[in-house]
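Sequential numbering of the sequence shown, starting at 1, is according to the numbering used here.
Some clues are possibly wrong.
[As the list claims (entries may be wrong)] Label pairs and their calculated CB-CB ranges:
| id | residue 1 | residue 2 | range |
| --- | --- | --- | --- |
| 1 | 240 | 74 | 43 to 49 Å |
| 2 | 82 | 255 | 21 to 27 Å |
| 3 | 241 | 148 | 36 to 42 Å |
| 4 | 113 | 252 | 31 to 37 Å |
[Unchecked claim] In silico EDC-like links for lysine to aspartate or glutamate, alpha-carbon gap of 16 Å or less:
| id | residue 1 | residue 2 |
| --- | --- | --- |
| 5 | 148 | 110 |
| 6 | 148 | 163 |
| 7 | 148 | 111 |
| 8 | 148 | 166 |
| 9 | 101 | 187 |
| 10 | 148 | 113 |
Simulated from the structure, these hints should not be mistaken for lab results. Glycine residues also receive a C-beta, built at the ideal position from the N, C-alpha and C atoms.
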Amino acid sequence: MAHFSGHRQPAAVPSHFKDLFTNGQLGAAEESNNNDQNEQENRPSNNNNAGPSEPACWVFGYGSLCWHPGFNYTKCITGYIRGYVRRFWQGNVTHRGCEEKPGRVATLVEDKEGITWGCAYRITGSTALDYLKQRECTLGGYATIDTKFFPRVASQDTPFSGEAVEVLVYVATPENIHWLGDDPVEEIAQQIVSCRGPSGHNAEYLLRLALFMHEEIPGVRDDHLFELERLVLEELYRRQIPLSSVMGRNPDRIRRDSHEDIRRPPSFEFTSRVPDTKLRCLNI
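Could you put together the complete structure from these sequences and hints?
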């Protein structure tokens, strides 16, 4: 069973990352005519090559960042990290719930055999990191760790070339005030169906994350996520809640793995993308 080893804080953020999150110092500040960071676009920026005055780093998303990053980025690549599993054990009162009815959102729980799939964003400048610090740490109760990210598809136009790269990850711990912890999956599903917050219904968060897995990483199982998906859909139907009333506006389509056509190694992960072939029987 997955576990969180004790009630300790995650490993300290490495020194070369620390200033990025405590002080927001990641090189020259990006100029913006819009001071509201929540209005940043969910698409790659035009600056694909960071100059020496604009260092870049990679951020791993495994929850709402998979389908709604909310910031500009220069590349998005699907892949996984090791040593963690995704669990809906973190409460939320600022986006998908309220103080009276906290929602349930994803966090990572340590598991030495675990693998969590998601996507990594390459970001430059300080604007995106400041936005993430506010969204994930200040409002969400998450802390930061670093780990290795393994790309789903290696390519010559990425720094990966089949190797892992260091990424920043936001993880909730039992010490934060929003922590809810483990409960029977049926109870978690009931809570998700019952909660809504300023960013929308809690069920939308779960269902869009499951949709990301089904569409972008077919063939990969996430038993906790997919069981919650099934239970939430059944409960919405039982309560006669239309799916359209919980899903909100469709987010912008994110172009991930833009390097896939350059070199794609054979893998079972892509077999489900091959269209079915109908054979016609000939009498000869």
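| task | Enumerate the violated hints, using their earlier numbering and listing them in ascending order. | result | none
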